[in-house]
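Same order as they appear, the protein sequences are chains A and B. Residue numbering for the first sequence follows the working numbering, starting at 1 and increasing by one per position. Residue numbering for the second sequence follows the working numbering, starting at 1001 and increasing by one per position.
Note that these hints are calculated values from the structure, not bench results. In this text, all values refer to a predicted model and were calculated from it rather than measured experimentally. Where hints are given, some of them may not hold.
[What the hints assert, rightly or not] Reference excerpt, derived from the structure (chain B facing chain A, CB under 10 Å, subset only): (1) L1064; (2) S1193; (3) Q1195.
[Unchecked claim] Covered by chain A, per the in silico footprint, the following chain B stretches (three or more residues, Cβ under 8 Å): (4) 1090-1096; (5) 1213-1225; (6) 1238-1250; (7) 1257-1265.
Beta carbons are placed, not taken as given, at the ideal position from N, Cα and C, and that holds for glycine.
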Amino acid sequence: MTAPAPQARPAVAARDRVGDGGSHDGGVCVLGFEAVSKYYRGVAALDQVSLVLTRGATLGLVGESGSGKSTCVRLALGLERPSSGRLTFDGTPYPRGRRRQRPLRRQIGFVLQDPYDCLDPRMRLRDIVSEPLRIHRMGGRDTDQRVGRMLAAVGLDDAPLDSYPARYSGGGRQRIAIARALITDPAVLLCDEPTSSLDVSVQAQIVNLLLEAKRSRDLSVLFVSHDLDLIGRVADTLVVLYRGRVVESGPAAAVRARPRHHYTKALHDAVPADHPARRVLQARTGLPPASGAPAADCCVFADRCPAAQARCRTERPPVVREADGRSHACFFPLAWPTDHGQTDHGQGEISS
Amino acid sequence: MSVALEVAAHEVAALQVEDLRVRYGRLPAVDGVSLRVEPGQVTALIGETSSGKSSLALAAARLLPRAAAVTGTVLIAGRDLTALPAREFRRQRAGMVGYIAQDAMAALNPVLPVGRQIAELFGVHRGMSRAAADEQAVRELARVRIDRPGAVARAYPHQLSGGMRQRVMIAMAMALSPPLLIADEPTTALDVSTQAEILSLVRDLQAGTGSGILWITHDMGVVAELADWVAVMYAGRIVEQGPAAGVFGHPVHPYTEGLLRTRRDLRAGRPGTPLYQIEGSPPTPSADRRGCAFAPRCPRRTVTCTERRPELVTVKASHESGWLAACHHPAQQGAGS
Chain A
1 MTAPAPQARP AVAARDRVGD GGSHDGGVCV LGFEAVSKYY RGVAALDQVS LVLTRGATLG
61 LVGESGSGKS TCVRLALGLE RPSSGRLTFD GTPYPRGRRR QRPLRRQIGF VLQDPYDCLD
121 PRMRLRDIVS EPLRIHRMGG RDTDQRVGRM LAAVGLDDAP LDSYPARYSG GGRQRIAIAR
181 ALITDPAVLL CDEPTSSLDV SVQAQIVNLL LEAKRSRDLS VLFVSHDLDL IGRVADTLVV
241 LYRGRVVESG PAAAVRARPR HHYTKALHDA VPADHPARRV LQARTGLPPA SGAPAADCCV
301 FADRCPAAQA RCRTERPPVV READGRSHAC FFPLAWPTDH GQTDHGQGEI SS
Chain B
1001 MSVALEVAAH EVAALQVEDL RVRYGRLPAV DGVSLRVEPG QVTALIGETS SGKSSLALAA
1061 ARLLPRAAAV TGTVLIAGRD LTALPAREFR RQRAGMVGYI AQDAMAALNP VLPVGRQIAE
1121 LFGVHRGMSR AAADEQAVRE LARVRIDRPG AVARAYPHQL SGGMRQRVMI AMAMALSPPL
1181 LIADEPTTAL DVSTQAEILS LVRDLQAGTG SGILWITHDM GVVAELADWV AVMYAGRIVE
1241 QGPAAGVFGH PVHPYTEGLL RTRRDLRAGR PGTPLYQIEG SPPTPSADRR GCAFAPRCPR
1301 RTVTCTERRP ELVTVKASHE SGWLAACHHP AQQGAGS
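Just chain A, with the same shape it has in the complex (with noise of 0.2 Å):
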């Protein structure tokens, strides 16, 4: 059962006058972040943010909590304003206001974590998968056709419209959210956790459903996760937030391979061996514990941090920016061998 053709979007003659935030590494800026911070209480959950997700690509956002994932994941479906900053969205600022928003929204879909809490337990099926066209005033005769093909594209081929979602498993649900998410034909897919509340068996059913989806739609796909595992395997790029803040961001692969930044490390070293023979978790694995709020002006992981100096707690670390397309925010990165050029930049400082 094929889904409907994806349309050429109205977006794109929009896409043509993309603004500062247009063009990045080769590839069009759909949704962007442009310094954003996002304050709550005078406590920044985000902290000068910038995100480039680039026409067709996939990019992985992952942090552990309090790391400010879901606060970006808010920020992009204009639930909330950044207090600082702005988004846009193919290189158009995000108007104000939920009206003026609207054919925006309509382009962002999103899949979040919990299946058993964001489907209405009173809706039907028809209702839960259309609410999307009626909210945006898509809707027509063929609406019962259209759920049943989006359905069916997302595997719940005989799935009765009239149904409840209490009738299905986590796994099911989930078909139901990412049915509700690509109805409107969406630019842009957000998925938040989308796999994290499932049986392990099921996971990956998921997400290769998301990945055939962003394949057959031509999607652009922010991918939020704490698992390193899961999001190299499928993101383009690699961004690894912190308290708020950006520590490291690249390519996917090289991020994972060669982290500059020592909390991508950390992350990395703490996930579990893949066979009892090859323990990974030493006795002291893992890092001590954040202290309080971290000031403004140091490395938000420098109270972990095991190759921290004094300056890393009186200077806030630039963003560094390499060749390759990577860029840190460490005054003393990690270098590996198998760098290419003479990139043992910080090397030196760490071991002296």
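Got chain A; can you put chain B on it based on the hints?
Okay, now just chain B, sitting in the frame of chain A:
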């Protein structure tokens, strides 16, 4: 008879479960499970939603509600605690089995400082004075590597991070040095870096105490880090159990194989390519299941699988004693995987 007794004296299991069955109404949650946890070892019980793993754990600790019908034998350090009257059992439980729940926030008392909650154990079960028990509680918090244990002892659960709360749970579960610890997915809700700390902490603590641990999880990575022995549960039954290193190297049951392959592919597969996936969904409990519960999802199923339920039998050609699998078409040992 006397020989059997001698053997038993040498090797009293921390936990021995024989033909345990748990039913909620008509629906079986645990359907005839036998399992041992050796002292000083970690047995990982791996399974998904409604596999019965939590029911098994709760039944072993005798924490199930009355509505659950439990039959079978549960021996903790050789003692049949199910035979004790409820009141007597409650008096002895804390000394026999420590229970670490997934949600420490729900398990801890929100209106009592955590140090007091640990100290209560020493007061009730060891007859310590309040001051002595409070001091002992601080030492227990230090043992689970909490910095400034004195300050933490005075904190309420909501003032602590998730990782700290879980440490408190562990301190509490181990306080009376019970022969058996049951941990029900204690790291599932934690960040990976916190999980790493908890896993290495538990490994170290166990080396010092010699308790047997039944560790329930759905994460093969956690199993790889901790377990000596692994039991895989599916639809209320154990489908495979054996030494962890052996099972990871050469899984016999297709479900075990699938779980391991899923994880391997996630870690090492080429980015952007489809992931290896097990088809279908975990089954819902059913009172009248014929054949193998995994058959609808199994790549090796035949007519036999849908008609006859496979028994849990010794894996042929296995040199390891006690390696069992319930499959009509088990993977050949040594064939690689």
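Consistency of the hints with the structure:
Hint status for L1064(B): violated, given a least beta-carbon distance of 23 Å to chain A, over 10 Å. At about 4 Å, the closest approach between the beta carbon of S1193(B) and any beta carbon in chain A falls short of 10 Å, and the interface hint on this residue holds. For Q1195(B), the shortest C-beta to C-beta distance to chain A is roughly 7 Å, which falls under 10 Å, so the interface hint holds. Interface restraint, the region 1090-1096 of chain B with chain A: violated (0 residues with C-beta to C-beta distance below 8 Å; minimum three).
For the region 1213-1225 of chain B, the proposed coverage by chain A is satisfied: 8 residues have a C-beta within less than 8 Å of a C-beta in that chain, meeting the threshold of three. Here the region 1238-1250 of chain B counts 4 residues with a CB under 8 Å from a CB of chain A, which clears the bar of 3, and the coverage holds. With a threshold of 8 Å between beta carbons, the proposed coverage of the region 1257-1265 of chain B by chain A holds, since 6 of its residues qualify and at least three are required.
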